[in-house]
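*Asks:* What follows is the residue order along each chain.
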Amino acid sequence: MSALIKKELRLCIHPTVFLFFSFSALVFVPNYPYEVIFFFSALSAYFCCISARENGDLAFTGALPVKKTHIPLARILVTVGMQCIMLALTGILGAVKSAALPAEQQINQAGLSANLALVGNGAATLGAFNLVFFPLFYRSPERIGVPFLLAAAVQFLLVGAFLLLRWSVPLFSETLNGGNADHTAAKAAAMFTGIAVYAAATSLSCFFSMRNFKRVDL
Amino acid sequence: MNALAVQGLTKDYPHFRLDNISFAVAEGHIAGLIGGNGAGKSTLLKGIVNQIDAEGEITVFGKNFRSDEARLKQKIGFAGGGFRFYPLKRLSAVRKAYAAFYQDWDDRKYRTWLVRFGLDEHKKVRELSDGMRVKFSLALALSHGAKLLLLDEPTSGLDPLSREELCETLLSLARKENVTILFSTHIATDLVRTADEVLLLSHGNLLENCPLSELLSRWKTVRFADVATAAAANAVGLKPGKNGLEGLLPQKAPLPAGAVSRDASLDEILIHLEQAQKEDGNICPRL
Chain W
1 MSALIKKELR LCIHPTVFLF FSFSALVFVP NYPYEVIFFF SALSAYFCCI
51 SARENGDLAF TGALPVKKTH IPLARILVTV GMQCIMLALT GILGAVKSAA
101 LPAEQQINQA GLSANLALVG NGAATLGAFN LVFFPLFYRS PERIGVPFLL
151 AAAVQFLLVG AFLLLRWSVP LFSETLNGGN ADHTAAKAAA MFTGIAVYAA
201 ATSLSCFFSM RNFKRVDL
Chain R
1 MNALAVQGLT KDYPHFRLDN ISFAVAEGHI AGLIGGNGAG KSTLLKGIVN
51 QIDAEGEITV FGKNFRSDEA RLKQKIGFAG GGFRFYPLKR LSAVRKAYAA
101 FYQDWDDRKY RTWLVRFGLD EHKKVRELSD GMRVKFSLAL ALSHGAKLLL
151 LDEPTSGLDP LSREELCETL LSLARKENVT ILFSTHIATD LVRTADEVLL
201 LSHGNLLENC PLSELLSRWK TVRFADVATA AAANAVGLKP GKNGLEGLLP
251 QKAPLPAGAV SRDASLDEIL IHLEQAQKED GNICPRL
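Protein sequence lines, in the order shown, are assigned to chains W and R. Reading the first sequence from the start, the letters are residues 1 to 218 in my numbering. Reading the second sequence from the start, the letters are residues 1 to 287 in my numbering.
With the rest of the complex left out, here is chain W (with noise of 0.2 Å):
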């Protein structure tokens, strides 16, 4: 597996991923829906699996001393890695910003706020993404528009309705609104429950992605 992960980093990931890492200083940005920002990371995972299809990477590496099923794996794994660099850079940004600036400049009118539940929210969003494109697209790895297309609406379904509920629920609107110091374990077990979701549905997407890449033809 570590053979397959050198071989994803060395000749599958595509530039534009270092560029959207940066993205995470958005946070600064005032008022605007910060839970976006992780689309960027889903949009690089995107941009990967198209750089691959264009170098013939699947049947490359059906060639080499692996499981096929491993295949899919390794490029999830990459994946997790990379929303995992982009959820913590969001983290981290956004408690600098939290302790940086007046606790009147954390309210953001557009959104939840830069702290913990939003990189709780932004692993949610991550992992309904990966749900839903990685076992459309180890099913027919010729096609990334569409699985890309159905998972993007979904991921914004659910920016949508933490925009709502940060609007209409007390919960969202109050306690997990702010910065970090106030509430601070209702955000970090906002944060934690967000990851439980990210790393179930995550696994979920291994699953079938291998489930349904066992079938495909190279």
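A hint or two may mislead.
Taking lysine-lysine and the DSSO-like style, the derived pairs with C-alpha atoms no more than 27 Å apart in a straight line are [said to hold, decoys possible]:
hint, chain 1, residue 1, chain 2, residue 2
1, R, K109, R, K89
2, R, K123, W, K6
3, R, K109, W, K6
4, R, K63, W, K214
Far from chain R by the CB rule (all over 12 Å, computed), these chain W residues [stated by the list, open to error]:
hint, residue
5, F23
6, F28
7, A99
8, E104
9, V146
10, G160
11, A161
12, S168
13, A188
14, A200
15, F213
16, L218
If you are wondering where the hints come from, they were derived from the structure by calculation, not from laboratory data. Each residue gets a CB set at the ideal place from its N, CA and C atoms; glycine is no exception.
Here the structure of chain W is known, so what remains is to put chain R in place on it, guided by the hints.
*Replies:* Coordinates of chain R only, in the frame set by chain W:
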């Protein structure tokens, strides 16, 4: 011991069927897989290495391939034609990624192949000609101590000198290092030059599976004066030629009056057997 045994390999596509292919290749032997375009040669090789979802049982060095795929692939060198992957990457980047998968990767051997094939590792894949891509593909496949080589049209796109060099290399690997080789080709001369056994594939069916010498000694090509004479002699795969009608007859069959015979070449055997199958309606693609 058989290095490779294939039992009942079957793959259905909407317009093509690889139909219940069974054969075995003994250790240290070279088997040539020959057939026209679309005969199913690449499909068969891909089916062996599990690149396609095919039915059937594959045994490599006595072990079930499907249940021990990753470990058995360490012993297999697979080159599916010219290297058509990662056109923007340098050969060195591809080699680094590739070598990491093989426990017995031999960098010294790889360097030797690079020099012998005239490959520059600093070049990008897209800068290689078709022939050089085949050579790069072979250099990778030959550098990890593989005991079974599966090569899909390894000589296509190579100039005559390189083809001859490759044929010599295959013979040397089989004779001196006991490497087993199964390669597909549509160039009969390469197969005659190297192969111990021949697998003749046509429209997804295995028409012949026997030692090359046996196949060549089984048939003679006969030129007949007219259709009636050919029909009376039970000629196989009758086709119009430059100076009359040509078909195959068994070596021991009596020569009809007015007919002229010669030893059948592998190409002629392939052509006439295919023609015979077409006439019988046995090998039309299943639509």
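*Asks:* Output the indices of the hints that this structure fails to meet, ascending.
*Replies:* 15, 16
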